[in-house]
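**Q** Order-wise, the sequence lines are chains A and B.
Position 694, counted from 1, in the first sequence is what full-length UniProt numbering calls 694; the numbers after and before it change by one each time, with no gaps.
Position 72, counted from 1, in the second sequence is what full-length UniProt numbering calls 72; the numbers after and before it change by one each time, with no gaps.
These are computed hints drawn from the structure, not numbers from a lab.
Here are the simulated DSS-like pairs of lysine-lysine, each with C-alpha atoms no more than 30 Å apart in a straight line:
1) 49/B <-> 429/A
2) 700/A <-> 680/A
3) 680/A <-> 64/B
4) 27/B <-> 891/A
5) 340/A <-> 385/A
6) 1002/A <-> 784/A
7) 792/A <-> 700/A
8) 958/A <-> 984/A
9) 665/A <-> 645/A
10) 891/A <-> 999/A
11) 340/A <-> 221/A
12) 16/A <-> 221/A
13) 221/A <-> 366/A
14) 700/A <-> 1002/A
15) 1002/A <-> 703/A
16) 700/A <-> 809/A
17) 27/B <-> 897/A
18) 680/A <-> 27/B
19) 889/A <-> 27/B
20) 340/A <-> 382/A
21) 64/B <-> 49/B
22) 784/A <-> 809/A
23) 890/A <-> 27/B
24) 897/A <-> 64/B
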Amino acid sequence: MSTRLATGGRLLNKAKPVNFTFNGKNLRGYEGDTLASALLANDQMLVGRSFKYHRPRGIVAAGPEEPNALVNLGAEGRFEPNARATTTPLFDGLQAASQNHWPSLEFDVGAINKHLSRFLPAGFYYKMFMYPRAAWKHVYEPFIRQSAGLGKAPKATDVDTYEHFYAFCDVLIIGGGVAGLHAALTAGKSGARVIVMEQSDHWGGRAPVDGGTVDGQPVDKFVDGMVTELETLENVTLRRNCMGAGVYDHGYVLGYERLRDDSPHVQGPRHRLWRVRAAHIITATGAIERPLSFAGNDIPGVMLAAAVRDYLVNHGVSVGDRTVVVTNNDNAYLTAIALKHAGLDVPAIVDARVLPQDSQLMEQAKALGIRVMMGHGIASVKGGKRVTGVEICAQAGEGAVLEEISCDAVAMSGGWSPVVHLWSHCGGKLRWDTTQACFSPDVDNPPLGADGMGFVTPAGAASGVFALDDVLNDAFAAADGVMTSLGFDVPRDLKSPEAERRQDAPMMPVWLMPQGASVKLREKAWLDYQNDVKVSDVRLAAQEGFVSVEHAKRYTTLGMATDQGKLSNINGLATLAGALDADIPSVGTTTFRPPYHPISMASIAGEARGTVFQPIRRTPMHDWHDTHGAEWEPVGHWRRPYAYKQGGESTYDAVMREVTNTREKMGLLDASTLGKLIVKGPDAGRFLDMMYTNMMSTLKVGKCRYGLMCSENGFLIDDGVVARFDEDTWLCHTTTGGAERIHGHMEEWLQTEWWDWQVYVANVTEQYAQVAVVGPNARKALEKLGGMDVSKEALGFMDWADGELGGFKVRVYRISFSGELSYEIAVDASHGQAFWDALMVAGHDLGVMPYGTECLHILRAEKGFIMIGDESDGTIIPQDLGLHWAISKKKEDYLGKRAQERSHMTDPNRWQLVGLETTDGSVLPDGAYAVAEGENENGQRNMQGRVTSTYHSPTLGKGIAMGLVLNGPDRMGETLIFPGTDGKEYQAKIVNPVFYDPKGEKQNV
Amino acid sequence: MLVLTCHACGVTAEETEFHAGGEAHLKRFGPGSSDEDFEEYLFMRANPKGVHFERWRHANGCGKWFHVARDTMTLEVFGSYSAQAFAPPEELLSRIEDRRPGWRGQD
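With the hints as constraints, model all of the structure from the sequences given.
**A** Structure below.
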């Protein structure tokens, strides 16, 4: 039985009882409980099932290293899977449910797997589920998904809010235990800007539980004193419930602050992600106790010795009436002593060591009447869903049972491992500490910053010192060193306080208990509780040749569970080293990657969700479109009207109407999003000749020319109309999505290749609103507005002119992307809406209607005009598209020219642009491939072309398409077969891509 | 995430403010060049473990390109210099020599 004691629980507020549920059962705890401590107080030791064998799993630890106690938390918009009970604060109304069981926690069908464990060894996924291949999808995976799985994915939208926080400091201290606080005080008093992050909601770390005296006062009072003093320092920021999640290059740190996890009903963000730049980082992250590997060490009731002590001291919870302590070090004696002081029974301390004389703590334990069994170990733990006893053996032997001790809890300690994760994230190296059998930071090989100097310093237990006085001295030395290196003066009177020194006996590494455990025992000695990896699995991996630690990890799944091996790694490494007959440091560790402990996905997203997910660019006429039925299409960060729906018509009908209306009467297109780049300077013409495949330096002032741009690799990257304003000024139109990219492209060449050329480029895209006035009535509408002469004689096709229309200062380009009489008119952005309104009024009797991007696409496709991104995809050169006329033969050089001379680019068998017309008038499926005779070397049908653009043309009353076809232009009239994904075959004839007005008579009027 | 200093405007900022532009000091080969030279220019890039000269653009800042000398292994930044240069400045090279004695011989 685990239960709440009448007294004790230093973190509890017993005046504030709290109600919560677990698997629908109503339970009670206190403010200050974690979910784990409250479950234990209600005798709910069984909290889940293991991943593979569905073994019953109980709470093992008291912190983020907990491997088993993962629960589904909350409901609906506050549902969260895989929440760790040990780090989940209890609050009134909390709902938790256990995971990974089916149909129930108490009775689990999958538990049959444990009887099959002989057949499910390491790598069983790789071995068993390989064949037959189809069975994986239809048999194995559905069964595994049904009976296993950790947590459920949330279905509802998260109702909480999250935020990012940016901060800068001189020293970021991760960990608010005695080491972190003392380092913070030293740095704070030296005048540095300090941030301290503590993952739990209380200061002091383990020290207040483990006891001791500093400067003559109990350590918890010493902690309180430090916190009080730190709170008075304005240059120090203290954050509790804030975990240092990851250390990244050049002193970048992510902190994960949980603000409302204990009070979901309170307004405000739930989590806050701190994005900190620190000149230096001190990792005072403490240490984690290791389990011992003995048979049955996974039975609920077997816990870490320090966790048993934590629950007792912090939460007034006894995990059992009779607790056997098993250890290889002195620290676990503190648990036995604390239990005894609380009036609980400790039948024995089973200590694997044989020591010449008793240490201070051993003497204390013995004085309390506890039986200390030196040189002994646990052969096996008895029990199913709960410990009922232990069988004792000699540690040196093979597991012959000497006696059985009945108990309902086992507190184990295999020694302590410094939390080196944050030290290691950015490349800090480790060294093996033989005396304490742990990896600790190799301070001579720290992670390096921008200046090539180390930017992380470990302090306290995180650097591998565990005694209280050592911890304080180490923290002071760390802070002192960091302050000096950053150029701060540490006040002379600052020094490390005096802690009472306890003489502990050395620990003894124990990687298997008993050391000669038989196969039968090894098969029950767990290393990774969540993933069901046992000593026998790691040995098998080694035997099968997985000698690298990274390979053995993946083969056995050791350390791959959500706890990322916080408990299992070192024991696993040591087991592997043992199996390989190698020493531990030569086997090495797997890589430590951030985050240290899982953080919520929502905190990473922060505010970037919903309407503020990303900025949206709006043209000056955006709101007008919105109120006139626009269906929006995202183009880059812009939103453009796809079509304007009238009445109850469908989108398709709207598009068809817009095409017909524009061809027969008049249409308006908001073309403001098109990129507009001013290129100016004495060398601008020469520069544009390099940028475009055709000649721009010869363009006459007052004229426009369509141009193509290629990358240095020869591929088409953008197109648009270029106008020459004066002797040294050009305006280059780019595609909507290309403005910033092409601007950057130009700048790159100007700044890094031809930096002696006198050219400036300015992106004026947003300075102008641009309206395309298109259709046979376009001129009449402009004449109605009145002002400049827009006749053919005054303003011919491909001319531009400045002037005035309807009182607006305008720049008019006679260019056409539709094949109709067309004026693209630019006005100052601030006049965009007014000008648009004026055009709608002027065009009212002329049949004016706005049109969207889909209509624009059909108009251009009917004319055989290419579209960047449809006809081009980054692998297409202009020559593929029949655009030879736009490639200068005279120029010696332009970007892409040399590349286009390569043999593959001049291959006559490159697919070429053609028009495609279905034989029955239907619309070809977009992206469909034309099949050819025979098969390729992979047994697939040979291909001879593909569709790049395809539409129904209302003008022609049939489906039209463009495509790239092998030797296409030479095969006019031939019929190709395009199999669709719908199972049908489409037949299309190769035709000229210009379907509408091939002579261009309509646009040149 | 690196911290870099823009040589053009002097601002020291997060990597997210910059855009990486690959190996510095490439020599352009255009029409008339051999296939080998053109291939070398267009595709072949140094990938040293250690000292590397790179192009960066202060894309979300002043918009200017500049050069950075950096250690690809330790991420130490030796300095930034003008984009309008055919080779790193001598002063920078000697600073790198101080930090990485003999690095030039390793190429």
